[in-house]
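Engineer: What follows is the residue order along each chain.
Number of protein chains: 2
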Amino acid sequence: MGKKFVYLFSEGNGSMKELLGGKGANLAEMTNLGMPVPQGFTVTTEACVKYYEDGEKLSDELRDEIIQYVKALEKITEKSFGCPKNPLLVSVRSGARASMPGMMDTILNLGLNDEVAEGLAKLVGNERFAYDSYRRFIQMFSDVVMEIPKSNFEKLIDELKKEKGVNLDTELGAEDMKALAARFKDYYKKTKGTSFPTDPTEQLIEAVKAVFRSWNNPRAIVYRRMNDIPSSWGTAVNVQSMVYGNMGNTSGTGVAFTRDPSTGEKRLYGEFLMNAQGEDVVAGIRTPQPISALEQVMPEAYNSFVDISQKLEKHYRDMQDMEFTIENGKLYMLQTRNGKRTAAADLKIAVDLVEEGMLTTDEALLKVEPKQLDSLLHPQFDPASLKTANKIAKGLNASPGAAYGKVYFTAEDAKSAAARGEKVVLVRLETSPEDIEGMVAAEGILTVRGGMTSHAAVVARGMGRCCVAGCGDIAMHEEGKYCIVKDVRINEGDFISIDGSTGYVYLGAVKTVEASISGYFELFMKWADEKRVLKVRANADSPKDAKQAVRFGAEGIGLCRTEHMFFEADRIAAMREMIVSDTIEQRVKALDKLLPMQRGDFEGIFTEMNGLPVTIRLLDPPLHEFLPTADDEINALAAEMKIDVIKLREKIASLHEFNPMMGHRGCRLAVSFPEIARMQTRAIIEAALNVKAKGINVIPEIMIPLICDVNELKYVKSVIKQTADDVITSSSSSLEYKIGTMIEIPRAAITADEIAAEAEFFSFGTNDLTQMTFGFSRDDAGKFLEDYYDKKIFESDPFARLDRNGVGKLVKIAANAGKSTRPDIKLGICGEHGGDPSSVEFCHEIGLSYVSCSPFRVPIARLAAAQAAIKQR
Amino acid sequence: MGKKFVYLFSEGNGSMKELLGGKGANLAEMTNLGMPVPQGFTVTTEACVKYYEDGEKLSDELRDEIIQYVKALEKITEKSFGCPKNPLLVSVRSGARASMPGMMDTILNLGLNDEVAEGLAKLVGNERFAYDSYRRFIQMFSDVVMEIPKSNFEKLIDELKKEKGVNLDTELGAEDMKALAARFKDYYKKTKGTSFPTDPTEQLIEAVKAVFRSWNNPRAIVYRRMNDIPSSWGTAVNVQSMVYGNMGNTSGTGVAFTRDPSTGEKRLYGEFLMNAQGEDVVAGIRTPQPISALEQVMPEAYNSFVDISQKLEKHYRDMQDMEFTIENGKLYMLQTRNGKRTAAADLKIAVDLVEEGMLTTDEALLKVEPKQLDSLLHPQFDPASLKTANKIAKGLNASPGAAYGKVYFTAEDAKSAAARGEKVVLVRLETSPEDIEGMVAAEGILTVRGGMTSHAAVVARGMGRCCVAGCGDIAMHEEGKYCIVKDVRINEGDFISIDGSTGYVYLGAVKTVEASISGYFELFMKWADEKRVLKVRANADSPKDAKQAVRFGAEGIGLCRTEHMFFEADRIAAMREMIVSDTIEQRVKALDKLLPMQRGDFEGIFTEMNGLPVTIRLLDPPLHEFLPTADDEINALAAEMKIDVIKLREKIASLHEFNPMMGHRGCRLAVSFPEIARMQTRAIIEAALNVKAKGINVIPEIMIPLICDVNELKYVKSVIKQTADDVITSSSSSLEYKIGTMIEIPRAAITADEIAAEAEFFSFGTNDLTQMTFGFSRDDAGKFLEDYYDKKIFESDPFARLDRNGVGKLVKIAANAGKSTRPDIKLGICGEHGGDPSSVEFCHEIGLSYVSCSPFRVPIARLAAAQAAIKQR
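Chains as they are written, first to last, in the numbering used here: chain A, 1 to 873; chain B, 1 to 873.
Excised from the complex, chain A in its bound form (with noise of 0.2 Å):
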């Protein structure tokens, strides 16, 4: 016998996620919990792997096992596929390993043709449900199955309005509803060139295989790579027998979560719609009522509900997030899952559970996604700016933080505008998947329909986005690129500001400030830091940066970039005149211009850092980045610098360069222009011994970038010992500083050991070694890229998640190399990569001394680091 492809919710458990997915195994844990479940099964995770290496083909034999499977629901629902007298109706729903909520797609009401609907119509004895429940099964199964639009339905709906004089889909009959199916059938028909199948077998094959199919919709791909999810993993489907919350007034629907997921407060939420099917709540189109008030409509299954919510939270030991149905009065759990939450909510309620007894530290800080901290650090309102802003409008609190942002209606114009430079806040009636890639590259997000768990409400929270959801107050005129809220006109590029945690909107732009960091935050953050072996160092270049990142709790700083300094509009100048210069004299004239400025930064950055250590990186872009590339620029750079202009065109295009990247940079600047690493390392010196006498405790590390030889570094080495020791010496004073490296090349990374002879510590550049490794340039590599994440050749992006198998095995041959030849050099890591959770725990792995990233990805990184101690424990 072959492999079993097919799993009733009785033979599983919820340890079995791989092979059942997230919602089939919770579905068979509920069942083994004795809870209210509809029955089904689960087609497993494996077969849509088998589907997929079979050539998008459904074996013979999986057919064969799941009609067997049919056959034994029948059997538990004493129901039956195809019979009008007492019909099996189910859902079929995706369900993959990781939550990928409304990624892929779902198909409820499957088994109705036209006998079964009017059985189905006799049994229930109401036939505008059972008609209104075909309908909606031949639109869904239409969509999903076949690929015609939903809207191509709608209209027919609106048709059908227009003939009847109606307004609202309720105020339809039955006969309508009838009416309807026979139309959309037809339609169908039409379009297909086939008959609507009235198999439900045949049915039940097809919706198989579309949601298998549905894995690889774009939509999915995009999602799996934003989280990380291998596509490999395949869906599993889940086949469940189906109950109506759209029976009357003693049925409905609802979403609950046991904790609030915005605070994290310990209190039931969430909301329920009478008289309504799942699909309803999630798509915002009927406003719902908070949950609490089921408790008066129907006592019994509120206190029912309650009961399971309660054991289901200590039976998973975190917060779940369920969906249920009430049939004619009776309870159904149709999912549970644990809770997407705010960032904040996700710390208060690790630590709650902590102090409740129901987790470790341990167990609370492996809970926590890292890059959920993120939106906690991300800015709120200026409270005096707030006080004569112009609010217009409330909405809900959907996902908190404050953002403001030119309007755009369509996720295709938020994302090109963001990709010109905007901030943008994306502005839609309702969100749905297709938005994703605007929703990621706005600010905030404001939706005039829906409620907390509205997509728009959950995925803006997953993303860390602010998001004002269900703002009734504005008038979409999406096609004239407008929206009118109460008596004011927003046109598209207008700015507003809308806050996510008030669920208050704005017009006009308004000031935001830094988030403050402490309580819940503070402690966890505390048991991370105990916990962790990876020092947390941030990547700095200004007084103004230290500052934020020894807030953020950086223990260093791991990346000054010195070149950042010289863009300052009294600095460019100097730097240009320095650039232009024929001989070492007007260079060193000019350089020694820009020597007291850079002390100067120097001197603020070692004071806010207070002793601990500072890594500075001499000069490292092209020269040419410094000079004007428009032809007025460069007039206008002549005649300010006294130079003919004709030579300093010839001067400027002397400096291009084919390929930059590759180009004259990093210590090649050094190796011909000594003079330059001269100045850096004198303002350096100078500085640390200036902030020294004032008694902070200063050991300046300078580092020299791109190094591809030993030999390189022996010369700028050596340019930089003679000029400090000459500072330190006529100082009359002593300072202690050291001189390592950044390995960002892959000659650098292989020939380590003969480099680290030299170099007192190695920084590690990923983002460079990510390009030279790969042969990608990042300026352009977005292009094809795209290509590479459709035809599954990359599943994520190699600059954001560290490629263990290529780039990391050259820094891990480096770190070793480097410690053959040098037991106790210090290695760290400064590209992007280092505030990436999985990335931090590879440098954990391999034994890395600390990480430096942006400070707003300290606290990330501290808590990655902190996970990666505990899972190698």
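Among the hints, a few may not be true.
Intra- or inter-copy, both count: the list cannot distinguish identical chains.
Simulated crosslink set (DSSO-like; lysine-lysine; CA at most 30 Å straight-line) [claimed, not checked]: (1) K714 to K783; (2) K161 to K819; (3) K738 to K791; (4) K791 to K809; (5) K721 to K209; (6) K809 to K819; (7) K714 to K57; (8) K266 to K871; (9) K647 to K783; (10) K415 to K161; (11) K161 to K50; (12) K871 to K812; (13) K161 to K544; (14) K651 to K792; (15) K714 to K535; (16) K647 to K79; (17) K714 to K209; (18) K3 to K714; (19) K481 to K651; (20) K209 to K3; (21) K535 to K783; (22) K721 to K792.
Note that these hints are calculated values from the structure, not bench results.
Go by the hints and put chain B onto chain A.
Structural biologist: Okay, now just chain B, sitting in the frame of chain A:
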């Protein structure tokens, strides 16, 4: 006691080249053989290295040791430093491990001062000789040690000649020479502020230091880089008691080879000048007599020299290049070394020495420098064109081969013209080491003065440039940038042609044809082929190249670049149409036009290769390389293609890349546009089937460039395989083909085990691999690599000579990893390193299957592979 830094000639021997330098070791060896060598001592190369380690200082210990050896030399020669009655005079010459002719400095007659000069005059009874020697010494010492240009002294000579109303130096008498010495000393004092040093010991110490310094003069650095000589070696200094060829008509000096260095013919070959010092011959100031003439003039000395030269050749088992001086009829040997020779001579001598029983074939193969073979393969004049060519002059046939080019009169002008892409003939009065870069840039060299052993002749032969020397028919007007040959005026930029094998000079550009390969060459290469393990293929993109490659012994094509085929006039239009396509359909339509052309190319290549393997690389460069950049060209293209010019500009702009080297190229194109790979595969397979139908066995090897991840390879391979199998199936014939990949990205090397699972062969693209491993853009690195050589960070160009330590390590890792998953994987290299002997040796050592290089370098690679195999045994 410390290390011994000085050796008497009698203390050394011929095997001590590393310590004593080539010249010093050979002087010691000749001393041991009992040959008449003026005695002296050698300051070792280690002393030079120490001099640099000590910060360019000569230690007191070394100074003392040198003085001690002067005393020993005084004892041996029974002469005394600074003693007017019986003065010891010495020459001070550099002598590195490898011969660097004329690159470093020499001082003769050291030990003279006013008293000694007067004493010498009395001693030899020749006042003019004594003061001529004295003024020459002052001039040389001032130039070499104190950096006062020689020409400043020449001016003083000219002044005196004017005063005296004479034209030639020889017309100046003893008193004049005495006056000159005095004027020279005055000029020295005026320039330097101190008197000319009179203490012979001081003169000697300063001279030794100057020779050490000359190791790092710019000429020497360039020469070392060209010849792969490490700067760490240092030079030795030879201090030798003077003998005089300028003591009258029974004195003379000369240089000679034991065989003809142009042809290899076994006969004494050389020149001498009566009554002259050594430098006069080499400098080419007077035109000397052939060595055979010496037999009449001084038969005793001649016979003695013939005898010694035969002994030396037998002793060293190689053709010798000797310097001698006859002082008052007595022969002295000043130097012997293995003589430089043309490639043709090199081969003939190697083969002859084997036939004379002096060498084994292995020894003969190791004697020949593979790079030399290059010159054998270069063009000769087309006999037909030569008939009507306008012969205007004849000089010495100093270095064989034929060339035409535009005339330039300075090394600098020649260099910049060549950089502009012009073919250049460098025309000089005589060349000096300062001209070296101009000589490198030129196709050929023509000099007015100097003999077969003049600087121009020696260096040109070494480089394989053709050279006509001593062409006295030319009247130079360098300042006016023209010359007059008989009554023809030749301006800068005019074409001339020169034949280094005949010595003829022609006006205008005479057509050249390829060299013919046979005789010694064929026999020698047969020996090489018998020894080597490594296969040698060629890089060839057309049937013509393929034919050339086979002629030079290529055993297949290792790299056929398909993109060059697209640049031809009739194809570029279709190519551009393909690139600007918006849809797959448009693109396929354009590709369909290219298909028959590509197929034709491949048929031609397969036919030429007649069953030898052919590796074809799919399209590699970024598409924007095929589009025009100039405004008018873009407008023309838009008109021609009947598309909107604005749209075309947008398309071109969208293809712009910041770092095209790391951009959308190689297999990344095939991922985005699989239809291109499909068309190319179809062309290859159809061509192979067509050629196979004619009875030629073709197994095409399809190569995918720029792979960085196995998933890329899987994807593109599946595209190729599907197309290829479709074509083969529908042809109802059968065909074997292979699919492999370039390894040219660091990540591919690191993950080669995974990649080999999918690739039937690897070809290391060491050009790109060097770029990305170093992070050097080849197009840009030239600018800063000069600084790297100047500062001795790099000693050789990693693009010319494979960097074993970095790139080589990656190649080795990849080769081993590849074999680990596919033991029979075929491994080759197709970067330019494939024709570099040192790199070929490396490829042999790490067990690659073949190297592939340009057709002209195939013989070089064959010999280098043989040498590697012999050395490894």
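Engineer: Evaluate each hint against the coordinates.
Structural biologist: Consistency of the hints with the structure:
1. K714 to K783: Between copies only: 21 Å across, 39 Å inside.
2. K161 to K819: Classified as neither: same-chain Cα gap 77 Å, cross-chain 72 Å, threshold 30 Å.
3. K738 to K791: Between copies only: 24 Å across, 47 Å inside.
4. K791 to K809: within (25 Å within a copy, 32 Å between copies)
5. K721 to K209: between (68 Å within a copy, 28 Å between copies)
6. K809 to K819: Classified as both: same-chain Cα gap 15 Å, cross-chain 19 Å, threshold 30 Å.
7. K714 to K57: between (62 Å within a copy, 21 Å between copies)
8. K266 to K871: within (28 Å within a copy, 80 Å between copies)
9. K647 to K783: Classified as between; 19 Å across copies, 37 Å inside a copy.
10. K415 to K161: Neither: 36 Å inside a chain and 86 Å across chains, both beyond 30 Å.
11. K161 to K50: For K161 and K50, neither the intra-copy (45 Å) nor the inter-copy (101 Å) Cα distance is at most 30 Å.
12. K871 to K812: Answer is within: at 20 Å inside a copy they meet the 30 Å cutoff, but 36 Å across does not.
13. K161 to K544: neither (62 Å within a copy, 77 Å between copies)
14. K651 to K792: Intra 45 Å, inter 27 Å, cutoff 30 Å: inter-copy only.
15. K714 to K535: Close inside one copy (28 Å), not across copies (40 Å); limit 30 Å.
16. K647 to K79: Neither: 90 Å inside a chain and 63 Å across chains, both beyond 30 Å.
17. K714 to K209: For K714 and K209, only the inter-copy Cα distance (26 Å) is at most 30 Å; the intra-copy one is 63 Å.
18. K3 to K714: Answer is between: at 28 Å across copies they meet the 30 Å cutoff, but 62 Å inside does not.
19. K481 to K651: Classified as between: cross-chain Cα gap 29 Å, same-chain 48 Å, threshold 30 Å.
20. K209 to K3: Intra 19 Å, inter 85 Å, cutoff 30 Å: intra-copy only.
21. K535 to K783: neither (36 Å within a copy, 40 Å between copies)
22. K721 to K792: between (50 Å within a copy, 19 Å between copies)
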